[in-house]
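2 protein chains.
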Amino acid sequence: MTDQSTCVQNLTFDLESYLQARKAIIEKALDQSLPIAEPPVIYEAMRYSLLAGGKRLRPILCLATCELVGGTIEMAMPTACALEMIHTMSLIHDDLPAMDNDDYRRGQLTNHKKYGEDIAILAGDGLLAYAFEYVAAQTQGVNPSSVLRVIAKLGHTVGATGLVGGQVLDLASEGNPDISLETLNYIHTHKTGALLEACVVTGAILGEASEETLAALSRYAYNIGLAFQIIDDILDITATQEELGKTAGKDVEADKATYPRLLGLEASKAKADELIEAACAEMSPYGDAGVPLKAIAQLIANRKN
Amino acid sequence: MTDQSTCVQNLTFDLESYLQARKAIIEKALDQSLPIAEPPVIYEAMRYSLLAGGKRLRPILCLATCELVGGTIEMAMPTACALEMIHTMSLIHDDLPAMDNDDYRRGQLTNHKKYGEDIAILAGDGLLAYAFEYVAAQTQGVNPSSVLRVIAKLGHTVGATGLVGGQVLDLASEGNPDISLETLNYIHTHKTGALLEACVVTGAILGEASEETLAALSRYAYNIGLAFQIIDDILDITATQEELGKTAGKDVEADKATYPRLLGLEASKAKADELIEAACAEMSPYGDAGVPLKAIAQLIANRKN
Numbered sequence: 191m192t193d194q195s196t197c198v199q200n201l202t203f204d205l206e207s208y209l210q211a212r213k214a215i216i217e218k219a220l221d222q223s224l225p226i227a228e229p230p231v232i233y234e235a236m237r238y239s240l241l242a243g244g245k246r247l248r249p250i251l252c253l254a255t256c257e258l259v260g261g262t263i264e265m266a267m268p269t270a271c272a273l274e275m276i277h278t279m280s281l282i283h284d285d286l287p288a289m290d291n292d293d294y295r296r297g298q299l300t301n302h303k304k305y306g307e308d309i310a311i312l313a314g315d316g317l318l319a320y321a322f323e324y325v326a327a328q329t330q331g332v333n334p335s336s337v338l339r340v341i342a343k344l345g346h347t348v349g350a351t352g353l354v355g356g357q358v359l360d361l362a363s364e365g366n367p368d369i370s371l372e373t374l375n376y377i378h379t380h381k382t383g384a385l386l387e388a389c390v391v392t393g394a395i396l397g398e399a400s401e402e403t404l405a406a407l408s409r410y411a412y413n414i415g416l417a418f419q420i421i422d423d424i425l426d427i428t429a430t431q432e433e434l435g436k437t438a439g440k441d442v443e444a445d446k447a448t449y450p451r452l453l454g455l456e457a458s459k460a461k462a463d464e465l466i467e468a469a470c471a472e473m474s475p476y477g478d479a480g481v482p483l484k485a486i487a488q489l490i491a492n493r494k495n
Numbered sequence: 191m192t193d194q195s196t197c198v199q200n201l202t203f204d205l206e207s208y209l210q211a212r213k214a215i216i217e218k219a220l221d222q223s224l225p226i227a228e229p230p231v232i233y234e235a236m237r238y239s240l241l242a243g244g245k246r247l248r249p250i251l252c253l254a255t256c257e258l259v260g261g262t263i264e265m266a267m268p269t270a271c272a273l274e275m276i277h278t279m280s281l282i283h284d285d286l287p288a289m290d291n292d293d294y295r296r297g298q299l300t301n302h303k304k305y306g307e308d309i310a311i312l313a314g315d316g317l318l319a320y321a322f323e324y325v326a327a328q329t330q331g332v333n334p335s336s337v338l339r340v341i342a343k344l345g346h347t348v349g350a351t352g353l354v355g356g357q358v359l360d361l362a363s364e365g366n367p368d369i370s371l372e373t374l375n376y377i378h379t380h381k382t383g384a385l386l387e388a389c390v391v392t393g394a395i396l397g398e399a400s401e402e403t404l405a406a407l408s409r410y411a412y413n414i415g416l417a418f419q420i421i422d423d424i425l426d427i428t429a430t431q432e433e434l435g436k437t438a439g440k441d442v443e444a445d446k447a448t449y450p451r452l453l454g455l456e457a458s459k460a461k462a463d464e465l466i467e468a469a470c471a472e473m474s475p476y477g478d479a480g481v482p483l484k485a486i487a488q489l490i491a492n493r494k495n
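As you go down the protein sequences, you meet chains W and R in turn. With this note's numbering, the residue at position 186 of the first sequence is 376, and numbering never jumps. With this note's numbering, the residue at position 37 of the second sequence is 227, and numbering never jumps.
Looking at chain W on its own, in the form it has when it is part of the complex:
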C-alpha cells in the first residue's frame, strides 16, 4: 500500500483505539448473549469457540455500517453478535475431521479436539440456530420488515448459496492445485466474502440505508473479502504458526490451490492492494462517516495474522 492511497488521507482517525473500544463492547455483548444453562456442556462448547477472541472484525463492520447510514450501535448489536455466532459455527464445522481436520484455531484446540466430534457438530448447530433466534427476538427499535430482510440475508449467506456452497467447492478442489482462478474466486467469495458482505449490508439495512448505499457497501465488501483471502493465502506461506495462531504452511502441505500459487507471490500482493484501493474508493463519497470503513480496509491489507 503506497502513501498516495485513497485509504490513508485521514490521519486524525485513531483506528487502534476505535477497534479496541468496539472489540470491548462486542466481547461484552457476546458474553452476555449466551449464559450457561442446561445442559451445561453444550453451552460451554458454544462459548469456548464464540469467546475465543479474534479481531471481531465482522461485528465491528456491522456496527460501523449501521452508524454510517445514521443508525445506532444498539440497533445493530444483536445482528453483530449473530454474525460472530455464524462465523464461529462455520469455523467449528470446517475444522471437523470430516472436513479440514484442524487441531488448532486461534491458538487453542479446535472445538472437536476439546469436546469431541458429536458435541462440536451440535455446538455449531446450536450457534447457527441461536443466531437467528437472537436477531429475531432481541433487535429493538428497527422496522420488523427490515429485521426480516436481515434474517433472509443471513440465511442466504450461510446456506448453499454462501458459506456452505463455498466449502463444498473447497473440499471438491482439495488435492487439485490446478483449479482455475474462476473456481478459486468462487470458493473465496462464498466462503469469506459472503459473510463479510452480510456484515456490512445487514448493518446498513438495520439503519434503513438507501439501495444505492447498500450496493456501494456490497462492492466494498466484495473487494475487502477477496483481499482478505488473498492475504490469508500469502500469510500461510510467509507467516509462522505462532504469528497465525493456527497451523502454518497447511495449504502447501495439502497441495491446495491458492492465489500465490496461481498468480505468484508478488502479483498476489499487488492484487490485494488493488482490491483494498477499490474498497476505499467506494467509501469516498461518505466523507468522514466512511473513514472507519476505509481504515478497516487498510487494516486487512496490513494484517499479520
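Since the hints were derived computationally from the structure, they do not count as laboratory data. Incorrect hints may have been included.
What the hints assert, rightly or not - Some, not all, of what chain R presents toward chain W, calculated at C-beta under 7 Å:
#1 Glu307
#2 Asp308
#3 Pro334
#4 Leu338
#5 Val354
#6 Ile369
#7 Leu371
Stated by the list, open to error - Dumping the calculated DSBU-like pairs for lysine-lysine here, alpha-carbon to alpha-carbon at most 30 Å:
#8 W:Lys440 - R:Lys303
#9 R:Lys440 - R:Lys213
#10 W:Lys446 - R:Lys303
#11 R:Lys304 - R:Lys213
#12 W:Lys440 - R:Lys446
#13 W:Lys459 - W:Lys245
#14 R:Lys218 - R:Lys461
#15 R:Lys245 - W:Lys304
#16 W:Lys303 - R:Lys218
#17 W:Lys303 - R:Lys245
#18 W:Lys303 - W:Lys446
#19 R:Lys303 - R:Lys213
#20 W:Lys303 - W:Lys440
#21 R:Lys303 - R:Lys446
#22 R:Lys304 - W:Lys303
#23 R:Lys213 - R:Lys461
#24 W:Lys494 - W:Lys303
#25 W:Lys440 - W:Lys459
#26 W:Lys304 - R:Lys304
#27 W:Lys303 - R:Lys446
#28 R:Lys494 - R:Lys304
#29 W:Lys461 - W:Lys440
#30 W:Lys304 - R:Lys218
#31 W:Lys304 - W:Lys459
#32 W:Lys303 - W:Lys245
#33 W:Lys245 - W:Lys440
#34 R:Lys304 - R:Lys440
#35 R:Lys303 - W:Lys304
#36 R:Lys245 - R:Lys218
#37 W:Lys213 - W:Lys459
#38 R:Lys494 - R:Lys461
#39 W:Lys304 - W:Lys213
#40 W:Lys245 - W:Lys304
Note that CB positions come from ideal geometry on N, CA and C, so glycine has one too.
Put chain R on the given structure of chain W with help from the hints.
What follows is chain R alone, placed relative to chain W:
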C-alpha cells in the same frame, strides 16, 4: 385407545383423505422450495433427505393450526416447509457416525452413507440456514412482527434450548439404561416434543391466535410429542425393520433407556393412550375446527412406523 375416547367422536371426518391431500400439497411445496443450483451436489444431498418421504406430520400440523385459528394454508406454507427442513437437518446430523451412526433412514441410505460425511454435515447446515431464510423471505400476508416471533420460536426449538440440548443429553445417556424417568422425559420433550410444539404454535402465531389458544396448542403438542416418543420406543421392540423403514431393535442393542424399559410395555402403552386422551381434550373447545388435530393425535396412537 378405547372407543369411549374423546378422540373418536367425529366419524364423518375422513382422516386418510385429509392427510393424503395435505401431504400432496406439502410434497409439491417442498420440491419447489429447493431447486438444484450451483454447486449441484449440495442441493442434491439436501433434496435427497428433504424429499425422502415420511408422513409430513410436522408441516401438516403447522397448516392445521393456522387454519384452526382462521388463517390460510398459504400463510403457513413457508413455515411448514421450514419445519420439515429443520426436522430433516436434525435427522441428517443425528445419523452421523459421531452421533447415532445410522446407516438407514426412511428405508434408504442415510445422507452420509450416500454423500459422505462432509457433505452430510454441510447439507444439514444448508437446510437449517435455508429454513430461516425461507420463512423470512417467502411468508406473505402475515404481520412482519408475527413472522419474527415464528423465527424466534424456530431458533429456540432447534438450539441448545431444544433439539440440540435433547440430543446432548441423549448422547450422554447412551450406555446408561438406568437414567431417571425425569431425564428420559427431558430428552424426549426436547428431541421430539419441542419441534412438534413449534409446528402447532408457529402455525397458530401466523394465524394471529390468542395467547390462550397458543397455550392450549402447546399443551396439545406436549402430550402428542411425548406419546409419539413412547410409541417410538414401543415400536423399536415390537415392529420389524421392514415396517419401520429403519433399523429395528437398536435401542435394546445400544442398551438405551426407553419407556418400556423404565415402565414396562403395558404401562408404556397405557401412558401413551392417556397422553393422547389429554391432547384430544385440549381440542374439544374448538368443535369441528379441532377435529383434524384430534384425528392426528389418534393417528400417532395407532401408528405402525
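Quick rundown of the hints versus the structure:
Contact between Glu307 of chain R and chain W, as hinted, is supported at the beta carbon level, the nearest pair being about 4 Å apart and thus within 7 Å. The criterion of a C-beta within 7 Å of any C-beta in chain W is met by Asp308 of chain R, whose closest approach is roughly 5 Å, and the hint holds. Residue-level restraint check for Pro334 of chain R holds (minimum Cβ-Cβ distance to chain W is 4 Å; threshold 7 Å). Of the supplied interface hints, the one on Leu338 of chain R holds, with its beta-carbon coming within about 5 Å of a beta-carbon of chain W, less than 7 Å.
About 4 Å separates the beta-carbon of Val354 of chain R from the nearest beta-carbon of chain W, less than 7 Å, and the hint is met. The beta carbon of Ile369 of chain R is not positioned within 7 Å of any beta carbon in chain W (closest approach about 13 Å), and the interface hint is therefore violated. The beta carbon of Leu371 of chain R comes no nearer than 17 Å to any beta carbon in chain W, farther than 7 Å, and the hint placing it at the interface is violated. Straight-line distance between C-alpha atoms of Lys440 of chain W and Lys303 of chain R comes to about 28 Å, which keeps the hinted pair within the 30 Å bound.
Annotation: proposed proximity of Lys440 of chain R to Lys213 of chain R holds, straight-line Cα distance about 29 Å (limit 30 Å). Between the alpha carbons of Lys446 of chain W and Lys303 of chain R the distance comes to roughly 26 Å, so the proposed pair stays at or under 30 Å and holds. Note on Lys304 of chain R and Lys213 of chain R: the hinted pairing holds, with a Cα-Cα distance of about 25 Å set against a maximum of 30 Å. A C-alpha spacing of about 42 Å is found between Lys440 of chain W and Lys446 of chain R, which places the hinted pair above 30 Å, so the restraint is violated.
For the hint pairing Lys459 of chain W with Lys245 of chain W, the CA-to-CA distance comes to about 22 Å; that is within 30 Å, so the pair holds. Using a Cα cut-off of 30 Å, the hinted pair Lys218 of chain R and Lys461 of chain R is violated, with the two alpha carbons roughly 36 Å apart. Proposed proximity of Lys245 of chain R and Lys304 of chain W is contradicted: the alpha carbons are some 39 Å apart, above 30 Å. Our distance criterion of 30 Å between C-alpha atoms is broken by Lys303 of chain W and Lys218 of chain R, whose separation comes to about 42 Å.
Of the pairs offered as hints, the one joining Lys303 of chain W and Lys245 of chain R is violated, with about 38 Å between alpha carbons and a cut-off of 30 Å exceeded. At roughly 24 Å between alpha-carbon atoms, Lys303 of chain W and Lys446 of chain W fall within 30 Å of each other, so this suggested pair holds. Of the pairs offered as hints, the one joining Lys303 of chain R and Lys213 of chain R holds, with about 27 Å between alpha carbons and a cut-off of 30 Å not exceeded. For the hint pairing Lys303 of chain W with Lys440 of chain W, the CA-to-CA distance comes to about 18 Å; that is within 30 Å, so the pair holds.
Note on Lys303 of chain R and Lys446 of chain R: the hinted pairing holds, with a Cα-Cα distance of about 24 Å set against a maximum of 30 Å. For a cut-off of 30 Å, the pair hint linking Lys304 of chain R to Lys303 of chain W stands: about 26 Å separates their Cα positions. Proposed proximity of Lys213 of chain R and Lys461 of chain R is supported: the alpha carbons are some 29 Å apart, at most 30 Å. Note on Lys494 of chain W and Lys303 of chain W: the hinted pairing holds, with a Cα-Cα distance of about 26 Å set against a maximum of 30 Å.
Our distance criterion of 30 Å between C-alpha atoms is met by Lys440 of chain W and Lys459 of chain W, whose separation comes to about 19 Å. The suggested pairing of Lys304 of chain W with Lys304 of chain R holds, with an alpha-carbon distance near 29 Å, which does not exceed 30 Å. Distance hint between Lys303 of chain W and Lys446 of chain R is fulfilled; the C-alpha atoms sit about 26 Å from each other, no more than 30 Å. Only pairs whose Cα atoms come within 30 Å are accepted, and Lys494 of chain R paired with Lys304 of chain R is accepted, the gap being roughly 27 Å.
Restraint check for Lys461 of chain W and Lys440 of chain W: the C-alpha separation of about 22 Å stays at or below 30 Å, so the hint holds. About 43 Å separates the Cα atoms of Lys304 of chain W and Lys218 of chain R, which puts this hinted pair outside 30 Å; it is violated. Restraint check for Lys304 of chain W and Lys459 of chain W: not satisfied, since their Cα atoms lie roughly 36 Å apart, outside the 30 Å limit. Under the criterion of a C-alpha separation no larger than 30 Å, the hint pairing Lys303 of chain W with Lys245 of chain W is consistent with the structure, at around 23 Å.
A hinted pair counts as satisfied when its Cα atoms are at most 30 Å apart, and Lys245 of chain W with Lys440 of chain W qualifies at roughly 22 Å. Between Lys304 of chain R and Lys440 of chain R the CA atoms are separated by roughly 21 Å; this keeps the pair inside 30 Å, and the hint holds. Between Lys303 of chain R and Lys304 of chain W the CA atoms are separated by roughly 26 Å; this keeps the pair inside 30 Å, and the hint holds. The hinted pair formed by Lys245 of chain R and Lys218 of chain R meets the criterion: a straight-line CA distance of about 14 Å does not exceed 30 Å.
Straight-line distance between C-alpha atoms of Lys213 of chain W and Lys459 of chain W comes to about 28 Å, which keeps the hinted pair within the 30 Å bound. In summary, the hint linking Lys494 of chain R to Lys461 of chain R is supported, as the alpha carbons are separated by about 17 Å, within the 30 Å threshold. Only pairs whose Cα atoms come within 30 Å are accepted, and Lys304 of chain W paired with Lys213 of chain W is accepted, the gap being roughly 25 Å. For the hint linking Lys245 of chain W to Lys304 of chain W, the alpha-carbon distance of about 22 Å falls within 30 Å, and the restraint holds.
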